[in-house]
Amino acid sequence: MHFTIEQRPQPSAAMRVAAPIIATLLTLAVGSAFFAALGYAPLAALHAFFIQPLSSANGLSEWLLKASPLILIGCGLAVGFRGNVWNIGAEGQLIAGAIAATGVGLYWPAPDALLLPLMILAGIVAGMAWAAVPAFLRARMNTNEVLVTLMLTYVATLLLSWLVHGPWRDPAGFNYPQTALLPPAAMFSYFDPAYRLNTSIVATVIAVVAMWLFTDRSFLGYKMSVSGAAPLAARYAGFRESSAIWIGLLAGGAAAGFAGVAEAAGPLGQLSPQISPGYGFAAIIVAFIGRLNAFGIVLGGLLMSLLFLGGEQVQMTLGLPSALTRIFQGILLFFLLACDFFIFYRLRRSGGH
Amino acid sequence: MTPRLELRNISKRYPGVVANDDISMAIAPGEIHAVLGENGAGKSTLMKIIYGAVQADSGEIVCDGNRIERHDPATSRALGIEMVYQHFALFESVSVVENIALSARMPFDLDALSRQVVELSERYGMPVDPRRIVHDLSVGERQRVEIVRCLLQRPKLLILDEPTSVLTPQAVEKLFETLRQLSAEGCSIVYISHKLDEVQALCDSATVLRGGRVTGTAEPRKTTSLELARMMVGANLPEMHIEPARPSPAPILEVKNLSADPPHAFGTALRDVSLSVHGGEIVGIAGVSGNGQAELIAHLSGELRHRHAEAIRLEGQPVGRLDAGERRRRGLAFVPEERLGRGAVPGHSLRDNAVLTAHRAGLVRGGMVDRGRAAAFADRVISRFKVKANGSGAAAQSLSGGNLQKFIVGREMELAPKVLLVSQPTWGVDVGASAFLRQTLVDLSRAGAAIIVVSEELDELFEICDRLLVICQGRLSSSLDRRKTDREEIGLLMTGGTESSTHKGSAGALHH
Amino acid sequence: MDLFVAIFAGTVIAATPLVFAALGELVVEKSGVLNLGIEGMMLMGAAIAFGAVVAGYSMPVAILAGGLAGAATSLLFGVLALTFLTNQYAAGLALAIFGSGVSAFLGRGFGSAPIDALDRIHIPGLSDIPLVGPMLFRFDPMVYLALAMFVAISWFLYRTKSGLVLRTIGESPQTAHAIGYPVIKIRYLAVLFGGLMAGLGGAYLSVAYTPLWVENMTAGKGWIALALVVFATWRPQRVLLGAWLFGGMTILQLQGQAIGLAVPSELLSALPYLATIVVLVIISQNRQMLALHFPASLAKPFRPAG
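Protein chains in written order, with the working numbering: chain R, 10 to 362; chain B, 80 to 591; chain D, 6 to 311.
Wrong hints could be hidden among the right ones.
If you only want the chain R side, here are some residues facing chain B, beta carbon under 8 Å, derived [what the hints assert, rightly or not]: (1) Pro18; (2) Ala239; (3) Phe248; (4) Ser252; (5) Trp255.
Just so you know, the hints here were simulated from the structure itself, not pulled from any lab data.
Note that CB positions come from ideal geometry on N, CA and C, so glycine has one too.
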């Protein structure tokens, strides 16, 4: 007797729900084994990684604070991924947004009431502009967007590095590579001054709803999904591939640009090389964990945010490196992708010959 | 005498369909044995089981008296079983001899192999040039490569799956000569077909399949076509009702001197193509596949756009530069040859697939898809075109080829098109559904639509078309009246032969 | 003249990790599989090789360990992409993130001190010829290994039956399966080979080029290797050429900084990335050539029917 794999006649709805749960459990299992192998009590380590960060009001605030950009960018990227547009340079678009917003915040003489809105606008436009380059190159020049978005991420990182080491360095900053602090009018306001969670999360909530409407209900979203699932069918129906490319990349760029503004005008309050702890890359995983679906992305973002917090927590309490975060992210995505297989396929016992 | 190959109680089921149900048959050495059946009868699955490309769920295969235990293509080929696929197993990007080397069990020496290929191809009257790259070959040449590749293994049993579907009538006769020669040398041949006349001309015996089961065995030369046809399709042969065409005075679709470079490296250039189609008639385009049909249809549908707007006119308006959506808005509809992935999105429901082209029929309001209306539209198509599906929520990929085709044709027809392009309307569709689809096309044309049908099935074109044109190497012949031409003339044109001066249906005689 | 020699030699050395990684990826892509995770595999190779040297193993053992680490990492991708038929973009990205995390984790104990770099060869006589010696005969063995791999891969792909099988699987796995080739197995081997090569490229960075361990020290070289394969339109000679061009760009930029060009170093550092984009755009214009050498089944999941 042995098992064979066969395609299911219809994708399994039960597996669709179960796959992320199974993947999370498997990740926890591997994580326990990993901690045990390192000589830590697995339960205590998992507790430190996944429970401790959420056991205080401040922890919850941090959780949402970090989940917000992940979810926001994840939504933007998923719009493109659904249309087979592979923007993996959200990190660069985020940096571009942060640079533009900080530039406006520090150097644009605008009335206080207009300052933050102008920064948001500048950040979104900069993120979109950073994404427009690969969009133009793919739509008009047939150039692979995966590579261009990535290359531009390195360019954005270097640009940021130059600005904070050079022309924008805070003269009163003891030579640290960072800009001056943004004025109070340039900052998102807190819900409660005791916690860092700020009003920028409203944008994320709006983005989730907008993303849901767009992908699940709108005709434009429908066209994008046809472009992604069956490019020949899109061409057959007369849906333009170039509009899918533009929408896909600009949505990701706008979301990442806003996230950049929210980082600079939120928890950081200035521009520094550490503007993003890898949100742009992690959001790709969030989009996949959320199965490119708005509400799935919310859950994926919360999970991924917890991984960031957990990584910091074990660094503080157990002295383990924060690289664990990336390891867990990778493992989670591995398991999720593998579990997805069983939505479309199943094991069947066969008599064998 | 021990049979060369014996099948005992072979069954194979796929999710949702029984492809082969308890099939048994025996083939003697040197026998040419037909496996006859309509599309979807289970012939191809059976052949893949014999070859080992697909495993049977139950049953035995016995070769020269020995039961085959673990079956795969390598085992088959060690036993001397070779197969020529319907859609050839050749790689486009490499040369003929490299293709052959991939399946030759001998040291990798392309020069020596080339000499053998030339030798063998001359002996069986099938010239092939071993150094050419496959994508430059015509379909007929490719088939010769396939057969030479098999013969190089000195097979004891050769399986041919619908080998003539891509050949001109003249090439079919040459192929038969080669096959008879092989049979005389003792090679058994399994010949899969749904064409009665060919089976009667070539085969010693026949096993007839329907719905995955054996419905009869016969000696084709001593059996009438009617009897064979009954075994194939059951008691009731569908009949067509075709009223004479009454073409509109002005053409609805006009193509003038359309030339275009190939859209990709392996495509065909179109050369000075002209045709016109009037309302109320069906115009057929015949030809061996790969001669520019795909490019022509893509230019007509708008999937490819042309530099010159005037090259294509729809109701007198130049549309050459418009994309597919803009042409559809002006009343064009299109049923492509690839149903999954082009005519429909495989993983999407029928409801969502309705929106693909029917969105302009009120399924989208205020930029939002109206799911209720889309479902109602899909349900309407399902009931009017008798699509067997699990409701409008069923995924397109869960439908059988014939049912999905009915859905796509139905969707396009619900849009009441002025021009309908149809490519390979009945490929892989069972006989009942084929007749229904053909009748549907005729009815639509008689209601005033202009229809273009591209097909490789000459029988089909002769049955439903009012006029025929032949495409060969990107050039389109002039128009022939269906009633005044015959298979032989079309066959000549398919190979690039020029129209004879004495030919019967002269160009443009039907109109003007 | 000394400057010229320095630039030439520097170019060849700077190109070597790219030659390894990009040639490996070329073989993977020729089989129809797209592994975006080169960065992760290189980092694993760099970390393991460096760790092996720190732990006292000999150079050849350390470099081999780096290669094997890359191969082992690629196996994760292989299982996902080939057995579980996942989206290859996603699986490759996961690998890139995972490899960067694991290598950083492993590397925390390596310290920040440099090690003694891999020795360069010295052939009495040849290495001392003026001009020619330093340009051709004074590299470390890995540089020559990279060139040998280039020759071997070119020969394998276009002169052997196995290479033909690999290329045709990249064109149509369905057809290759139909005529009896074990598509999945061959693709696994290709993926493992790609991992091995990426691992060697990474190892070269950490034990010969820098020779240091720094988190994420590949700094995008894995992605550039990926771009090189596109730039090369899937042909080995052009991979080599592209790697040298890129290496040359890197060296020129370093020289520019060294001689104190009045341009910020970050902007010079950005040049190779911008140049990659420009080259990609130029290459993408020739669709005909792309189509002729492009593995038609690239990144499309395949499962044998039956």
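Right, here's what the structure says about each hint:
no.	hint	verdict
1	Pro18	4 Å, holds
2	Ala239	4 Å, holds
3	Phe248	7 Å, holds
4	Ser252	11 Å, violated
5	Trp255	16 Å, violated
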